[in-house]
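One-letter residues, chain by chain:
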Amino acid sequence: MAELRALSVSQQVGLLFVVLFGLLGLVTLVAFGRSLGDLTPAQTAVRERFARELRALWIGAVLFWIAWVSGPLGSTLLFGFVSFFALREFVTLTHTRRADHRSLLLAFFIVLPLQYVLVGMRLINAFTVFIPVYVFFAIPVISALANDPFRFLERTAKIQWGVTVTVYGMSHAPALLLLDLPRYRERGAFLVLFLVVVVVAAQVGQEAASRRLRRRPVARAISRSFSWRAFGAGVATAAVVGLLLDWVTPFNPLAGMAMAAIAGAAGTLGEFVMTALKRDAGVGNSSGASSVTGAVGLLDRVAPLCFAAPVFFHSVRGYFGI
Amino acid sequence: MKLPEAAGLALSFIARLITGAQGHWHGSTPKAEQRIYFANHQSHFDWVLIWATLPRDLRAATRPIAARDYWTATPFKHWLTREVFNAVYVSRQRAKDGSGDDEDPLEPLMEALRHGDSLVIFPEGTRGHAADPAPFKSGLYALAQAFPDVQLIPAWIDNVQRVMPKGEVVPVPILCAVVFGPPIALAPGEERRAFLDRARVAVMALREVV
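Chains as they are written, first to last, in our numbering: chain A, 1 to 322; chain B, 323 to 532.
It is worth saying that the hints were derived from the structure and are not from the lab.
Do not rely on the hints blindly, as some may be mistaken.
Example chain A residues on the side facing chain B (calculated, C-beta under 10 Å, incomplete) [to be verified]:
id, residue
1, R47
2, E89
3, T96
4, L105
The beta-carbon is built from N, C-alpha and C at its ideal position, and this holds for glycine as well.
The shape of chain A in the complex, shown without the other chains (with noise of 0.2 Å):
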């Protein structure tokens, strides 16, 4: 670990993608060299399912090498734009009205931009008030103004939470590149990618965890895979992983574990809640080819980001206590 942390930061970020591309053209060789010869259909199923979730992990791998390239305000934009197809997907979910017309078109271009110009600013202070204070605000008074108050309340919420999810929880993430932490400059990319990998990590556990143990679920109506057995699994599953990448972190290993397991929870929670979301707005599961629009894809895979990344960047403030 020390040989490691003593590298330079260009070597380091070199050297994880290198395992990052490296972990995944293995993955990917070993996978195509197991889809030759005779399948079953169920494992044909099975094989194209891993696929596609192996084609969106190289997508989003491209998409972060991409990011680290064009500096913070490549990162800045590049989850700018994973945001807007993100509630592209949440408002095709939710039944708005025509009244809401004038309300979306606030959310989507002139509220996502705003918020991630504050990301890129580093205005901090302002861009974690904006979304609560402001257009929390701001939407139901445009929303008043279009003169329909059927189910007023219900449609406000659902603009404003779905803004706050895929817009304020996404934009912590490159946040998290601007943050100015002691003896950690220029390595915010190391946070970013610390907090995705311990995300996924901690999913990763969870559902392995389930289909092993088939505990008792906790919500049997929304979820028949989340128990708190395989909930804890997860989180460990993070903890673990926070562990080892401690070398990129500007904790020491304790604080990494306890940061991982803190982003894991959080991401494993919130995936638990869209899961509720989708079954109120009758998308059964993520199979992706449920619905005429094919709303179901994206949201699903960065759902757990969003919840993760705020919790996980005031973690990190608390910590530093700036």
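With the hints as your guide, set chain B onto chain A.
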């Protein structure tokens, strides 16, 4: 690349950014055959969505219908419909002065079909608000009668009324889909009303397709 072509690419990019513009083909495939696509009509955006959904090489030969009085009123509208979309212009009103050069409103469509082009028509005639499309007007029947060899492809446009409701000018990003169905044909001796109702049912049936 010429300006209209570039404008077309930019427009289809925007349509994709705003709506996803996903095309689902059930019972027909996107092929370079002469076709009449007919669809439900809820928004000005309908045509752009169908157009953006089609593969790029089919777009040039697939033409919309535009009301001449409205879409030639300003140089920009005229340029957009003529150069970018290659629209077929129709007159909404027949000549009132009874001067004799009374053009059949379907004549420009017939002309385009004789020329080998494909068309996109909205047989409801006007943009609707209701959940179900309005009864179809008879133009589709006349075209089917005159051109029995042209494929008639029903299409259902989903969600687009949420993107740009009547009276709004800026679209809200919401995912939309266009579902294309199996072709229908005019049966020998089929009544006009029966055919039009069958065509409308064929469009509505695509709503259930997932």
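- Message: Next item in the hint list is A/E89. Is there a CB on chain B closer than 10 Å to its CB?
- Response: It holds, given that the least Cβ distance between A/E89 and chain B is near 7 Å, below 10 Å.
- Message: Restraint: A/T96 near chain B, CB-CB cut 10 Å. Satisfied or not?
- Response: At 7 Å from the nearest chain B Cβ, A/T96 passes the 10 Å test, so the hint holds.
- Query: How about A/L105: closest beta carbon in chain B under 10 Å, or not?
  - Reply: 6 Å, holds
- May I ask you to test the interface hint for A/R47 with respect to chain B, counting a Cβ-Cβ separation under 10 Å as satisfied? 23 Å, violated
The structure shown violates just one earlier hint, number 1.
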